[in-house]
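*Asks:* Order-wise, the sequence lines are chains A and B. Residue numbers for the first sequence follow the working numbering, beginning at 185 and rising by one. Residue numbers for the second sequence follow the working numbering, beginning at 141 and rising by one.
Honestly, I wouldn't trust all of these hints.
Only pairs whose alpha carbons sit at most 30 Å apart, straight line, appear in this in silico BS3-like list of lysine-lysine [claimed, not checked]:
1) B:Lys-588 / A:Lys-346
2) A:Lys-346 / B:Lys-320
3) B:Lys-328 / A:Lys-346
4) B:Lys-320 / A:Lys-246
5) A:Lys-256 / B:Lys-492
6) A:Lys-256 / B:Lys-616
7) B:Lys-324 / A:Lys-256
8) B:Lys-149 / A:Lys-246
9) A:Lys-346 / B:Lys-466
10) A:Lys-314 / A:Lys-302
11) B:Lys-445 / A:Lys-246
12) A:Lys-246 / B:Lys-324
13) B:Lys-422 / B:Lys-320
14) B:Lys-616 / B:Lys-647
15) A:Lys-346 / A:Lys-256
16) B:Lys-422 / A:Lys-246
17) B:Lys-588 / B:Lys-492
18) A:Lys-256 / B:Lys-320
19) B:Lys-588 / B:Lys-149
20) B:Lys-149 / B:Lys-422
Chain A stretches covered by chain B per the calculated footprint, using a threshold of three residues with CB under 8 Å from any CB of chain B [said to hold, decoys possible]:
21) 202 to 209
22) 274 to 284
Since the hints were made in silico from the structure, they are not lab data. Glycine included, C-beta positions come from ideal geometry on N, C-alpha and C.
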Amino acid sequence: MRHVISVLVQDHPRVLNRITGLFARRGFNLESLAVGTTHVPGLSRISLVVSGDDHTLEQVEKQLNRLIEVLKVTDHSEPHVERELALVKVHVAGVEERLAVKDIQEAFRARVVDVAQKSLILELTGDSKKIDSFLEALRPYGILEVMRTGAVAMSRGERTLKVREKREAV
Amino acid sequence: MKGSEALLKALEREGVEVIFGHPGGAIMPVYDALYDSPIRHILVRHEQGGVHAATAYARASGRVGVVMTTSGPGALNLVTGLADAYMDSTPVVAITGNVPRALIGSDAFQEADVTGVTMPITKHNYLVQDVNDIPRVVREAFHIASTGRPGPVLIDLPKDVQLSEFTGTFEVELDLPGYKPTTKGHPKQIERALEALEKAEKPILMVGGGAQHAHGELLAFAEKTGIPVITTLMGLGAFPGHHPLWLGMPGMHGTVAANRAIHHADLILAIGLRFDDRVTGKVSRFAPHAHTVIHVDIDPAEIGKLVRTHVPIVGDARLVLREMLKGAKPLRLASWWRELEDWRTRYPLRWKPRPHLQAPEVIRAFAEATGGHAIVTTGVGQHQMFAAQYFPVTRPRSFITSGGLGTMGVGLPFAIGAKVARPEELVIDFDGDGSFQMTLQELATVVKYGLDVKVVILNNGYLGMVRQWQDLFHAKRYSEVYLADSNPDFARLAEAYGIKGVRVERKEDLMKGVEAVLSADGPVVAEFKVYHEEGVFPMIPAGGAAEDMILEHPEEREEVEA
Ligand SMILES: Cc1ncc(C[n+]2csc(CCOP(=O)(O)OP(=O)(O)O)c2C)c(N)n1
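From just these sequences and the hints, can you work out the full model?
*Replies:* Here you go:
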């Protein structure tokens, strides 16, 4: 089972090392990892995509929680929003292909962020499945490069990854 | 005040009285400041000896052990000892020097990424970048090392930080928002545990190293309920080894009574243990009849990690037991005890008598001569298992051995740490000829500080435990385990250090030898030449289950059964 996990951490040096090291050491399968700061100074938020059975997932959460700099761990099993950003450089040889790629771009609501003589860079945001299909659609035209950020996630509604009352909600 | 002085002051504020260590270039400012500090320093001959000594100091005293080394090679010599302390959940703070900040990452002389290397084997670690952080980091390190599930914490201190002028404050408040161990067990779960216990017909109490500090509560709980008690290797001493409720140690070399009790139990109350595979054997066949497993542990990640748990109780063993004690009732276990008693009397620990001097009889002789009243340390191997089997320690914090990592060479440095922590106690290191030779240079530390430790080497001329496995599982192909052709004369080796040496070779000299060791005024290294092909039994082969237990060497079976 694929799980998206959010982890709130103190953004100390090496905290990412600790997390990836933990996955490597314990044999957990880490599919993607995305990190960024939050609106609270000193706190970063990490989205992890992990696959495994319930027992593995329970261990992933518990072992993450053991890290001193980890403040909160949530497995997004509840309704949540999930997004990934991809940049795709695609080969376009002639006008015909350019039009065909444009059709795909519109269908997926992607954006063109760079235009060159023989290539385009497209930007797409969506859940990981949508990006997978986008890439499938583009594949016949010759994908030159792909950069995906890995999924980020957030619970819907009132739920937040709060630490404690004193701190601002994140 | 310099950073180096601030460090020592911060350590003083944590109540540190002694540091085990070894100096070098990158930690010299701290050693310079140590010259004027009230903190005592024990100079070891190898950093590994230092971290093991600090570990035993912690385990014997219940306080935090401290070790200090230079950068690079000095710090890396801590790796095995830190891993050992981590596996056995021991509170140790390691302080390492590092190259000046500007050189970090440049492959400078004696530079190593010590925080990187020790990440998987420490509970937490720090690279201090700002001299004014020193008091906070020290405060946090001691707090993290000693609370929750204890463990080693490393502080890496660049040399220029040690030399910088400190302008900060020592009045620091702990602010670790991601670290809040749960110590009080959940009342609902405690209630559920007690209810299950009352209904159980064949309950057992399994105790691990996490309950060493809860020995009083444990004794009261066991006596009130009348529940049979089993202690793991790490739990030895947490419950008195001569108590009628005690069934012994479980697992690979555990007693028949303990392993059968687990096999037949309908309820397991496990406190402060982590179901190590040396205890469970094959997990899928572990305790097949236990429909209730209650697991008390301070580390939530241990609960359900390996064994299915029905009543999880996250909390400190002592606090949880105190709560449980309030609701505990005497259990009606007469028929269960008849079964247990039968196994206990039919299958006591025993060794096959031989004309040669034998390791178990040496240990038994020491146990009898001391009444079990000693701090025992061991190396790793057969002698360690024999010591666990035949030296039933009577008090907590008195059996100090490497459980999780199984580190050969800990015996002597453990004895040193234990003696420094509890100088009034008799400290005996039961060691193997192989294990002892991994850290024997620490005899110099024994001499330097006049530490009265008794080293008892059970010399079988082999890496005995490996030889035993080769004997049983590799058709007696004794590959690279023979030591006798190149062992030193241990008694003379001791004498070279100025330590009393004793050698005993014949069975009839056993008591004289024991007497010589125990009556010596000061340290002794005694070599007991024991039967070279002894095996440790009972034994459950690796990956086996209680039913697969073998009671004696297959080739010697008939003789013993008679
Ligand atoms: C550092 C280290 N290296 C290797 C081993 C593997 N090992 C476990 S027991 C053992 C033999 C120990 O021999 P000795 O200390 O003479 O004790 P004996 O078993 O003979 O009592 C070995 C090599 C280990 N546990 N630790």
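*Asks:* Evaluate each hint against the coordinates.
*Replies:* Hint check:
Taking the CA atoms of Lys-588 of chain B and Lys-346 of chain A, the gap is near 55 Å; set against the 30 Å cutoff, the hint is violated. Only pairs whose Cα atoms come within 30 Å are accepted, and Lys-346 of chain A paired with Lys-320 of chain B is accepted, the gap being roughly 15 Å. A hinted pair counts as satisfied when its Cα atoms are at most 30 Å apart, and Lys-328 of chain B with Lys-346 of chain A qualifies at roughly 26 Å. Distance check on the hinted pair: Lys-320 of chain B and Lys-246 of chain A sit about 13 Å apart at the alpha-carbon level, within 30 Å; holds.
The hinted pair formed by Lys-256 of chain A and Lys-492 of chain B fails the criterion: a straight-line CA distance of about 57 Å is larger than 30 Å. Pair hint Lys-256 of chain A plus Lys-616 of chain B does not hold up; C-alpha atoms about 54 Å apart against a cutoff of 30 Å. Distance hint between Lys-324 of chain B and Lys-256 of chain A is fulfilled; the C-alpha atoms sit about 20 Å from each other, no more than 30 Å. At most 30 Å may separate the alpha-carbon atoms for a hinted pair to count; Lys-149 of chain B and Lys-246 of chain A exceed this at roughly 36 Å.
Only pairs whose Cα atoms come within 30 Å are accepted, and Lys-346 of chain A paired with Lys-466 of chain B is rejected, the gap being roughly 36 Å. Under the criterion of a C-alpha separation no larger than 30 Å, the hint pairing Lys-314 of chain A with Lys-302 of chain A is consistent with the structure, at around 25 Å. A hinted pair counts as satisfied when its Cα atoms are at most 30 Å apart, and Lys-445 of chain B with Lys-246 of chain A qualifies at roughly 10 Å. Taking the CA atoms of Lys-246 of chain A and Lys-324 of chain B, the gap is near 18 Å; set against the 30 Å cutoff, the hint holds.
Note on Lys-422 of chain B and Lys-320 of chain B: the hinted pairing is violated, with a Cα-Cα distance of about 34 Å set against a maximum of 30 Å. The straight-line distance between the Cα atoms of Lys-616 of chain B and Lys-647 of chain B is roughly 26 Å, inside the 30 Å bound, and the hint therefore holds. Of the supplied pair hints, the one linking Lys-346 of chain A and Lys-256 of chain A holds, its CA atoms being roughly 8 Å apart against a limit of 30 Å. Annotation: proposed proximity of Lys-422 of chain B to Lys-246 of chain A holds, straight-line Cα distance about 23 Å (limit 30 Å).
The hinted pair formed by Lys-588 of chain B and Lys-492 of chain B fails the criterion: a straight-line CA distance of about 41 Å is larger than 30 Å. For the suggested pair Lys-256 of chain A and Lys-320 of chain B, the alpha carbons sit about 12 Å apart, so the restraint of at most 30 Å is met. Proximity of Lys-588 of chain B to Lys-149 of chain B is assessed by CA-CA distance (about 26 Å); at most 30 Å being required, the pair is judged to hold. Distance hint between Lys-149 of chain B and Lys-422 of chain B is unfulfilled; the C-alpha atoms sit about 50 Å from each other, more than 30 Å.
Figure legend: the segment 202 to 209 of chain A, annotated as covered by chain B; annotation consistent (3 residues with Cβ-Cβ distances under 8 Å, at least 3 required). Taking a C-beta to C-beta cut-off of 8 Å, the segment 274 to 284 of chain A contributes 0 residues in contact with chain B, too few for the three needed, and the coverage statement is violated.
Going down the numbered hints, you'll see the structure goes against 1, 5, 6, 8, 9, 13, 17, 20, 22, while the others check out.
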